[in-house]
Each structure stands twice: as C-alpha cells, then as structure tokens.
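S.K.: Here are the chains, one letter per residue:
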Amino acid sequence: MKTASTFRELEPEGPRVRVRFAGRDLLLREGGNLAAELLAAGVTPFRRTPVSGAPRAPFCMMGACFDCLVEIDGVTRQACMCEVGPGMEIAMPFAERDGDA
Amino acid sequence: MRDADLVILGAGPAGMAAARTAAEAGLVVVLLDEQPRAGGQIYRDVERAGERRAAILGADYLKGADLVRDLPHPNIRHLAGATAWQVEEGRRVAFTLDGEAELVEGRRLLIATGALERPMPIPGWTLPGVMTAGAAQILLKQSGMVCEGAVLAGCGPLLYLVAAQMCRAGTPPLALVETQTAADRLAALRHIGGALRGWRALAKGLGLLAELRRAGVRRYTGASDLAVEGGAQAQALRFTAGGRAHRIACSTVLLHHGVVPNTQVARSIGVPHRWDDAQRAFVPERDPWGRAAGLEGVFIAGDGGGIGGAGAAALAGRLAALAVACDLGRLSPGERDRAARPLRAALSRELAVRPFLDRAYPPFAGALRPGDDTLICRCEEVTAGDIRRYASIGCLGPNQTKAFGRVGMGPCQGRYCGLTVTELLADANGRSQDETGYYRIRPPLKPVTLGELAALAASQSKETAE
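Protein chains in written order, with the working numbering: chain A, 691 to 791; chain B, -4 to 461.
Isolated chain B (complex conformation):
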C-alpha cells in the first residue's frame, strides 16, 4: 500500500492547484486521475493542443496549460489512468492502475471530481447521435474531432462556446435551439450587479453571441417540446418555438442545460448533502475551506462542491490545500489565513456572475419533469411514467425505486438519472427535494474485474509476509 499526506481524487483545475499548493507547503501528495493526462474535462489534453486546436478552443482553455505545467514537483506523485473505485474509512482509496488494483492511504483526502452534465431526458435522448455538448468538446480537445451538421439544444453559456468553437473549426452547427425564455432574461436582470462584477464572463458571453451572429448560426429561444426523432440513429430534432412547430433534420444532437456536481465519491462515504435551489442540484455540506461536514479529514473542492467554473475550482483547490497544510502542522493558522486572503477575494469575483447565469439559463423545465413515455434511466430503461406510478403506490425516495424497477442500478449507478428521479418523486409526492433525498451510492464506484482484485490480494499478502 502506498501512503501520502494528501490523496487527491481528480486532476482537473481544483486537484492540480491543490496538489501544487500542498507540495509547496512540504506535503507528500498522491494525485489520482482516470485520464491518461492531467487537465480534467475542462482542460482535457491542453498540453497537447497544437496551434490549430488552440485557435479553435480559445484563451480560457489555454489557461489550463499553466496548471498542467506546474504539476511536476518532487512531492507530487501523479498517477494517470488510475480509476478509483472505493474509499474506505474516510481516507483509504482503492483504485485500478494498469490492470491491477492498489490501495493508497492519505492523512487527508481531497475529492476534486468535478461536474457532470445535468441529465436532459427528452424523447429520443438515448439514440446514437445524441450526445452531451460536453462530449463534443471532449472530442475536439482530446481527439481534434468536429461534427458536421449538428444541432445544439438546451441552454447556458457552454452552448455558445461550443457553437463558436464549431464555427471556428469550419463546421458550424445547423442551429442553436435554446430553452430559456424572455421572462428568464428579465428575471436575471435582478442579478445584474453581480454580473457586472464578473464582467469578464459577461463580456465573453456577449462576444460569443456576436461571433455566432456573424457566422449566421440560426438561433431559436424559448423552445419547448424538444424531441429527437430516429430509429437506429438520430434523424431530426423537433421542437416548438415562437408558437410554431419546427423540425430540423440532423444526425447529431448535442444536449446541454447546465452541469451539476459529481457527488458519487462524497455520497459513498456519507458526506451529508443539501438541495441548492439556485443551482437546482444537491451539493455536499462543507466549511469555507472545503472541509466536508461530519467526516474527519475529508475535503471537497471545485465543481464537485457546487458549480463555480474552472477559475473558482483552482482557487478552492488552493484553499483546501492550505487548510490541509495547517492541519498537518506545515503552516500556522496565521500563515494559512494570510495566504488565503487574496484567494478568497479572487474566488468571490469568480463567483459573482453565477446568480445571474443560474437565473438567465434555468434548466429546461421539460427535462426536469419529462412526459410519461420519456426514458429517464438510460441503463435500465425506466420511464418518467414508471417513476410516477411507483410514487402513486407509495414510493417516497430514490432508493425505493430500485426495488420497484432497478432504477439507478445499471452501470452508470444513477449518474444520469439520479437528479431526475429525485425531482419526479418530489413533484409526485408534494415533498421537497431534501425530503425526497437521493440514491445511496455504494462501491465499487467504477467496475473492477476479479483479475484486478486478485492482483490486490497478491500484493497485500506479499506485504504481510514481508
């Protein structure tokens, strides 16, 4: 078994920044990440982006290169391609690397597992050709691949960014079908003060919109009744906008209506979560350093603790690392607080635009409460109507739905149905999302083969013999 002062799960902005700060304070860090190279999803493969990809992806993406460049340090052991599948007793992590399971124990644990796309169940969303907008970005970042004749649907600034990147790559989307309404825009104006404090994000958004106008990308807003048509493959996106029914033939539909914290690891070790109405998702309970409530020595930083974006994630990672360094006697509380002050000021600036964005681009209502025939559990193929039927016969919480119809028990373990199940049950039973709760997440968090486990047993007995 390996050991470390600090074990970090995830080499995105939060994990990378935390690793560097902790290492500089003299802590020994083990950084586990599933991907072959550091960066997380937001900065995926940033160190390998050539000139062409860099020009398409833009300056904010390239900022991630600094974090990746700073990662090599004698105190940091970055295990790339390591899939964590269990966290035990708070701080011992079981993972698979190169086909063998291993254990690492840290005196402190930092969960920096980022965000997932918010599930967007609409009719036809399981068809080949329907992907998340984030998936399209990953294809571009990692593989230099673009998609011809795609339609983007949903809402939020990421859609504008993806659309602009597609234009720069010479493959503009056929259309941008947005679900936010004029009323949302009006309501968001209440938060314009914060947006002006976070004026860089606002200016970027306006710049992207201007770019899309110049490229002649068709935009529809206030769209509803979204559905993907097709049999073996997506063939068209249908929707209603401006009081008219539309149908756009396309074989790729890219969906997005925000991202939500990836809470699988935190939930698996019993970190309490609460419903955040503004972000319309569950967030883990933490103190201002990222220390998880109710658990000794566990921290959460980055989007996994609440959506704030890449800039905020890196700052939160540094704050958590300072707290860990203080806990372990490497920094005095005074040194920690002094180092934290400018980070907190920067974090507050980064987060200033969030209330405006959350209100201007609310999740698509039709995907929060889909029609009865829409599949909501992709793995076990359970529909929204099934969930409502379970509620009508007394089902109060997501865990019970497993017994009724295996919801959330497929390979994705609820990652793409959990929030929908909570919302549907809360609505049907007239209870809050907090009262309704979420799935109990159990290990293994990712599949592990018997062969991989056998390697762990072999290395453990060797250690015991020695």
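Here chain A stands alone, though its shape is the one from the complex:
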C-alpha cells in the first residue's frame, strides 16, 4: 500500500493536514492536488479494477483516464481533480463489494 516514493517535492514547505487513505494516516500539503500528494506520500495502488482486480494508479493527471479513482467521504472521485482538505477519509473504491464501473 505504501512504499518509498520516487516522487520528490521541490518545495515541501507549507501547511500539512491529516487525511486517511485506506485506514492509514497521511500528512499532505493542504490545498495540493490530491493525486499528486498521494503519490508523494508513496501511496500505490490507488484502486483495483472492478473487472480483474488489477492495481492502478494515476496515469494522465488531467481528469481523462479515471485510473486515479478513489472514494472520498463515500463518493467516488478522480483524485487528480480534487484538492487536499483536512480530515478527508479516502478509501479504495470497489474495495469490499462487487462493483460496476
């Protein structure tokens, strides 16, 4: 779920807020792009596909591919189209049920 990230922040300064991803506490830059911040925190994969269970993580970062889908406070969203907010509860979508994309 969490590995040493190969992504490095050039400007790591700035306020950070606590969010939870799949039960794990993370400190992310407030207002940052959620997909980017999760990558920097070493999160991978973001989800497993409903078809085969294959792992996926951000691919396009521009809202087109839907591979960065996560479930935020119960709603499935594209992580790359969201900003980090304090106390976000993030889960892998389709994690514990049969999903239909």
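What the hints contain is simulated information worked out from the structure, not anything from laboratory work.
Please note that the accuracy of each hint is not assured.
[What the hints assert, rightly or not] Anything over 12 Å on all C-beta distances counts as not near chain A; from chain B, calculated:
| id | residue |
| --- | --- |
| 1 | Arg47 |
| 2 | Gly53 |
| 3 | Arg64 |
| 4 | Gln81 |
| 5 | Leu134 |
| 6 | Pro152 |
| 7 | Gly202 |
| 8 | Leu204 |
| 9 | Glu206 |
| 10 | Pro283 |
| 11 | Gly289 |
| 12 | Gly292 |
| 13 | Pro350 |
| 14 | Asp367 |
| 15 | Leu370 |
| 16 | Gly380 |
[Said to hold, decoys possible] Here are the simulated distance ranges between beta carbons:
| id | chain 1 | residue 1 | chain 2 | residue 2 | range |
| --- | --- | --- | --- | --- | --- |
| 17 | A | Glu701 | B | Ile388 | 37 to 43 Å |
| 18 | A | Gly713 | B | Ala54 | 42 to 48 Å |
| 19 | B | Gly380 | A | Gly732 | 33 to 39 Å |
Where a beta carbon is used, it is the ideal one built from N, C-alpha and C, also for glycine.
Place chain B on chain A using the hints.
M.R.: Below, chain B without anything else, positioned relative to chain A:
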C-alpha cells in the same frame, strides 16, 4: 440559468485568448474550466510558478502568464472548477460547480478543450508507475514534483522537453527510449522548408537535445518491442534497439508519442469529423474561423480542432472570437477581416513546422497495432486480440465493439482506447479509418451525482416559480 453571448469550454490558450478578444469587442463571456486555475494543461498553474519552477519549466511556459494576467475583465465570468457534462441543443451547457449542477446558455459556443495524449498501448502500460509524459509535466507545473529514476519512452519533441526539465530539476531520466527511426528522419527532410520557416521550434528542439547530451542522458532511437515489466508496480522497461534486446530497471515509465484532439464535446453534439492522415487522428470539420460544420453557432479552436500547439491555439481562439463578435453585430465583416489578417499570418508561421514534426516523429507503430495480448481498453480490460476477434466475426465499427465486449464503456468513455479501436478495426477489415468511424459519444461527458442533479432541479423549479 445563466446566459451569455459566448460560452467557452476550456481555459487553455485558445479559451483564454478567445475570452479576452470577445470581451474587448463587448461580448459577455462565460468561461468554464475544470481546473481551479486558468492555463489549461500547457500553462497549468503558470501564475503560481515561483522562481525555481520557472527556471525548470522554461520561457515558453512562462509566456502563458500573459494570457492568464489578461483574463480578468468586467465582461468575462471565469468559472473555475466547473465540470461540463452535457451540451444540449448546440449551445446550452450543463456543468457542475461546487457540488451543484447548473445550466448556462450562450448565443454562441466555443469548444476549446485541447488535446489528450495519444493512447500508447504497450504490454504493461496499465501498471502503477506508468504515466504519460504529460502527467509528469502536470506534476511539475502544478505540484512542483519530480520523479527520480524514470525512463521516458516514445517519441516527439515533448519527450525532449520533459527530459530537459527533469535534468534542470536535478532528477535526470535514466534513459530516453525513442521509437522514431533514421528513415523517419530522412523522410522528414522533405518538409525541411516548413521547418526552417518555423525555425524557432526547430532551434528549441536542437537546444534541448544539446542540453540532454551535456547532462549525459542515454538515448536509444529506433526502439521497438516496448514492454513494461512488473506485477504490483512497474519494474523495468524492455525494448529492442540497434538489433539488441535491452532492459532498464525503473519504477516509473513515462510514455508519449504525440497528442491528439480531445473531441468528446464536439462529437457529443454531432460535429462531423474526418481522419487526418498526417496527424493520424480524427479532426472536427471547421471553416477557417473555427466554425463547426453542420451546426449553428458552434466554434472549435485550439488543439481540439487539430494539433498546432499553444501558440497556434491562442491565435485560433482570437480568430474564433472575432467571428463570433461579427456574427453578433459587434464588428463589421471589414473590421473582423482587418483584425484577422495579422493573426492568420502568425498562425501560418506557427503551423509551418508541423509537417516536419509529424513526419519526423510518427506514432510508434507497435502501439498503433499492438500484439493480441496487449490491453487496449484500460477501463474494461479488453485486449487488441479481442478487437481482432470481434472483427473476424463481422464487427465493422467501434460502436459495435461495445456490444461485443463493453469496449469504451468504462468511466473514461473511450478517451484512451477510441483511436486504437478505430485503427485495429480498420486494419482487420481492410477499410479506411473514415469508413470505420469512431464511438458515438453520449452525455454525461463526466460523471455527475444524483445529488448534483437534484440541486439543478431545485434551482430550475425556483426559477419557474419566480
């Protein structure tokens, strides 16, 4: 419901330039964009780039700051963070903003939705750690993030730019694995005249290559048989180059072999498209002002109408805005044409280098017609072999593949498989890409929740009551 003289979809160079030109002509403009700040993908977050990021990203990126700075105008309403999900009756747009759906109707509509990375299906391209080169740039532009130990693979000038930016950031790529061949370079020489007219682009490319040489980045050209290895994460890129098999261990692979017009909105309202062989993609049919064929009052400007780059996009946006201002009686045809003349001359200079680039960096053949086992529909996990099998039992067009195997019916709605499906079916059936066609795109273009829709219903009934 809001209304406006001109509704623009997309705040990239085309949309921003069009908004300003239209506003100056006295038109009321509503500019919708999905991102929190204007700029599009090419100028993403340009107004917030500090000194360090500016030095890494370079002068061409910073040019976008002028367009962003010019955007505030009493006649321009820029709705940032607005996701358009349906265009009805030509010019009414449904969108979601702050969790509520809304409608805006324009007397004219300008689609300025830009480009997408050309799908590059190779074995392993769905693994975590495989991203587009554009995604790496977005991470750098918006989040100031760089990637250590990445391999860049594919072809085209954007790869050189990304590689150079990674070097400047102190995280050079492990290697640049390029698919174009010596024969491509030779064939491109036929277009050297145009390239010399567009000498600035050419000089920039040569400068980037020199920068990569100085940084000692390993380059392979004429690469084929590209495949990403890995289970839970990318672990290596395999390829053949110079008659030898290579394997580079890496956990990030950045793919790119050109960009293609994002035609989702135009297709959803029935704008006719035709296959452009040089750009190897479908382009919407338009007149020289960007006016879409067969639809009243709809314009398309920028890369969404055919790939020309950011400079060309801004010029095309201005041209479309002049035509709209003339349509709506704010400019006489003479005033419009006078204002357009220098823009057209500049546009022609911007586009001069394109034929050279298109020929020098053709899409990677192995990704246009992938092997049978390669996934081509990322969402529904359908392989190239599946598509060929559908063709063998009579499937002629992309829409039929949906019934055979849900291809293109996942959340991305065909954005990253559509062109591959067209190419595979055209090849298997011995028909042209135009005869084969593309998916029928239907709304919602982006997901919309019932709660967001309910907000729309509530505001509509309130308006009716009033």
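S.K.: Next, verify each hint and record whether it holds.
M.R.: Structure-based check of each hint:
Arg47/B, annotated as away from the interface, has a beta carbon of chain A within 12 Å; the closest lies near 6 Å. Remark: the non-interface label on Gly53/B is consistent with the geometry, its nearest Cβ contact in chain A lying 15 Å away (cut-off 12 Å). Its beta-carbon lying about 22 Å from the closest one in chain A, Arg64/B satisfies the requirement of being farther than 12 Å from that chain. No beta-carbon of chain A is positioned within 12 Å of the beta-carbon of Gln81/B; the least distance is around 16 Å.
With a least CB separation of 5 Å from chain A, Leu134/B falls inside the 12 Å interface cut-off, contrary to its annotation. At the 12 Å boundary, the C-beta of Pro152/B stays outside the reach of chain A, the nearest C-beta of that chain being 19 Å off. With a minimum CB-CB distance of about 23 Å to chain A, Gly202/B clears the 12 Å threshold, and the non-interface call stands. Consistency note on Leu204/B: stated as away from chain A, and its beta-carbon is indeed over 12 Å from all of that chain's, at 24 Å minimum.
With a least CB separation of 19 Å from chain A, Glu206/B remains clear of the 12 Å interface cut-off, as annotated. Chain A leaves Pro283/B outside its interface by the beta-carbon criterion, the shortest separation being 29 Å against a cut-off of 12 Å. No beta-carbon of chain A comes within 12 Å of the beta-carbon of Gly289/B; the shortest separation is about 26 Å. With a least CB separation of 27 Å from chain A, Gly292/B remains clear of the 12 Å interface cut-off, as annotated.
No beta-carbon of chain A comes within 12 Å of the beta-carbon of Pro350/B; the shortest separation is about 27 Å. Consistency note on Asp367/B: stated as away from chain A, and its beta-carbon is indeed over 12 Å from all of that chain's, at 17 Å minimum. Annotated as non-interface, Leu370/B brings its C-beta within 12 Å of a C-beta of chain A; the closest such distance is 9 Å. Non-interface status of Gly380/B relative to chain A is upheld: no Cβ of that chain comes within 12 Å, the nearest being about 16 Å off.
Evaluation of the 37 to 43 Å hint for Glu701/A and Ile388/B yields a failure: the beta carbon distance comes to about 55 Å. Take Gly713/A and Ala54/B: their Cβ atoms lie about 46 Å apart, and the range 42 to 48 Å holds. Judged by the Cβ atoms, the range 33 to 39 Å given for Gly380/B and Gly732/A holds: they are separated by roughly 35 Å.
Violated hints, listed in ascending order, are 1, 5, 15 and 17; each of the other numbered hints is respected by the structure.
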